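K.L.:
Take a look at the letters that make up each chain.
There are 2 protein chains.
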Amino acid sequence: MELGLLYSGGKDSTLAALLLEDFYEVTLVTAHFGLTDDWEYAQRAAEAVGFAHERLELEEVVAHDAVERMVADGFPRNGIQAVHEHALEELASARFDAIADGTRRDDRVPSVSRAQAQSLEDRHDVDYISPLAGFGRGAVDRLVEDALDVTVGPSEDIPRADYEAELRPLLREEYGEDAVGDVFPAHDQTYVEGPR
Amino acid sequence: MELGLLYSGGKDSTLAALLLEDFYEVTLVTAHFGLTDDWEYAQRAAEAVGFAHERLELEEVVAHDAVERMVADGFPRNGIQAVHEHALEELASARFDAIADGTRRDDRVPSVSRAQAQSLEDRHDVDYISPLAGFGRGAVDRLVEDALDVTVGPSEDIPRADYEAELRPLLREEYGEDAVGDVFPAHDQTYVEGPR
Chain A
107 MELGLLYSGG KDSTLAALLL EDFYEVTLVT AHFGLTDDWE YAQRAAEAVG
157 FAHERLELEE VVAHDAVERM VADGFPRNGI QAVHEHALEE LASARFDAIA
207 DGTRRDDRVP SVSRAQAQSL EDRHDVDYIS PLAGFGRGAV DRLVEDALDV
257 TVGPSEDIPR ADYEAELRPL LREEYGEDAV GDVFPAHDQT YVEGPR
Chain B
107 MELGLLYSGG KDSTLAALLL EDFYEVTLVT AHFGLTDDWE YAQRAAEAVG
157 FAHERLELEE VVAHDAVERM VADGFPRNGI QAVHEHALEE LASARFDAIA
207 DGTRRDDRVP SVSRAQAQSL EDRHDVDYIS PLAGFGRGAV DRLVEDALDV
257 TVGPSEDIPR ADYEAELRPL LREEYGEDAV GDVFPAHDQT YVEGPR
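First to last, the protein sequences are chains A and B.
Just so you know, we're using the numbering used here here: the first sequence kicks off at 107 and counts up by one.
Just so you know, we're using the numbering used here here: the second sequence kicks off at 107 and counts up by one.
These aren't lab readings, by the way, just hints derived from the structure by calculation.
Predicted model, so just to flag it, every value in this text is computed and none were measured.
Glycine is no exception: its CB is placed at the ideal position from the N, C-alpha and C atoms.
Any given hint could turn out to be false.
[Unchecked claim] Pair ranges (Cβ atoms, derived):
#1 215/A <-> 229/B: 23 to 29 Å
#2 301/A <-> 220/B: 53 to 59 Å
#3 166/A <-> 293/B: 48 to 54 Å
#4 215/B <-> 299/A: 38 to 44 Å
#5 225/A <-> 181/B: 25 to 31 Å
#6 229/A <-> 281/B: 42 to 48 Å
#7 229/A <-> 299/B: 33 to 39 Å
#8 255/B <-> 229/A: 29 to 35 Å
#9 259/B <-> 180/A: 53 to 59 Å
#10 292/B <-> 163/A: 32 to 38 Å
#11 294/B <-> 300/A: 28 to 34 Å
#12 281/B <-> 201/A: 53 to 59 Å
My request is simple: use the sequences and hints to build the entire structure.
P.N.:
As C-alpha cells, this is what we get:
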C-alpha cells in the first residue's frame, strides 16, 4: 500500500516515517506554497534517512489567509491549523492509499480530531493515520534520541520546511518584522541530519 | 528500553506489538484474574508471532465489581473499562520503562484519554503508548490482512484471553446464563494464529 506522509524534516514526522516503513511504501511529502525554497531542507532530510520525497503545492491564498488570521489573533495556532487541514485535503486527493502526519498525542496544533479523521477518510476513500497520536512527548524524545541524529536550536536558525518557515517571510513582507516577533514567540525546533 | 504490552491474543494487540518491535524490547503481558486458563491462548499467540510473554495477576475484587457493574448497566462497557484501567495501573507498577495497549482510534472501550495517559505517566514515571491510537478500523484491518493469519468467529467460540473471556464464566456463575446473553450481545472476535 502506498502511503504519503506530510514531512517537514523535523523529528516528529521523521519518527512517524520510521514507525510506518515496515507496513507501507512510504513517500515523504512536503507541502509548500512555492514562496521559499525551504522544502529543500525536507528533501535533504528525507534522503538522509532513506525515504522517497515529493513536493505538494498548496494554494497561495491559504497562506495569505493564514498570516492574516495569525496577525489578528496575535498567535499562530489557528493559522497553522488551517494550513495543515488544507495540506491534508490536498494530500488525500493525491494518488495514495493512505496518508499520514506527525502529530503527537500532546500536540495542541496541528491536531486532527477523530471526527475530522473519519471525514477525511470517508470523503477521499483513503486511510488517515497519525502514527504518533498514541505517543507522548517523553516517549517521542526518547525514541528520537535512540534513532536519529538531530540538530536543535532557535526556531529562526534551524533549517526546516514546516509551515512556519514559509509563513515567516510572508508575514514579514505583508505586516513587517515586528509582526513576526509578535506572532511567533522564541522557541526551539529540530532538524534531522540522518539516522544515528 | 523494556516495554510491556497488554495482550489478549487478538489482532489489535498483536499489530500493536509489530508496530513497536523495532523500537522497544517488547514483552506481551496478559492480565488475568486467575479465574480461568484462557491466558494460555494469549501465550500461544505470542509464541506464534515470536514475542516473549508474561502473565500479570489482577485483583479478583476488580472482576467481581466489574460484573456487578455490567449487570446493573445491562451492557459491558463500564465494567471492561474499569478492568482495563486496573490492568494499566498494575502494569505501570511493574518493571517496564514503557507500557502499551492495543486501543484503536475508533474504540469506544477500553479507551484512555489524554489526561489519563498523562496521569499514568506522571504517577508511575513510565511512558504510556497506544500505538494504534492514530489508526482507524479500516487501516488496522488492512494491515492485519497483510501481516497476520487470524481466525474470526462468534465471540463465545473464539479462543482468546481478553477480559470478556474471563468475565463471562464469572457472570454466569454469579448471575446465571441469561445474564451473559443480556450483557454481551452476539459479536465476532479474532484470534491470531501466527504471521502470514
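K.L.:
With reference to the structure, classify each hint as holding or not holding.
P.N.:
Hints, one by one, checked against the model:
1. 215/A <-> 229/B: 23 to 29 Å: 27 Å, holds
2. 301/A <-> 220/B: 53 to 59 Å: 30 Å, violated
3. 166/A <-> 293/B: 48 to 54 Å: 50 Å, holds
4. 215/B <-> 299/A: 38 to 44 Å: 43 Å, holds
5. 225/A <-> 181/B: 25 to 31 Å: Hint holds: Cβ distance 28 Å, inside 25 to 31 Å.
6. 229/A <-> 281/B: 42 to 48 Å: Hint holds: Cβ distance 45 Å, inside 42 to 48 Å.
7. 229/A <-> 299/B: 33 to 39 Å: 36 Å Cβ-Cβ, so the 33 to 39 Å window holds.
8. 255/B <-> 229/A: 29 to 35 Å: Given a distance of about 33 Å, which is inside 29 to 35 Å, the answer is holds.
9. 259/B <-> 180/A: 53 to 59 Å: At roughly 58 Å between Cβ atoms, residue 180/A and residue 259/B fall inside 53 to 59 Å, so the hint holds.
10. 292/B <-> 163/A: 32 to 38 Å: 50 Å, violated
11. 294/B <-> 300/A: 28 to 34 Å: 45 Å, violated
12. 281/B <-> 201/A: 53 to 59 Å: Distance hint for residue 281/B, residue 201/A holds at roughly 54 Å.
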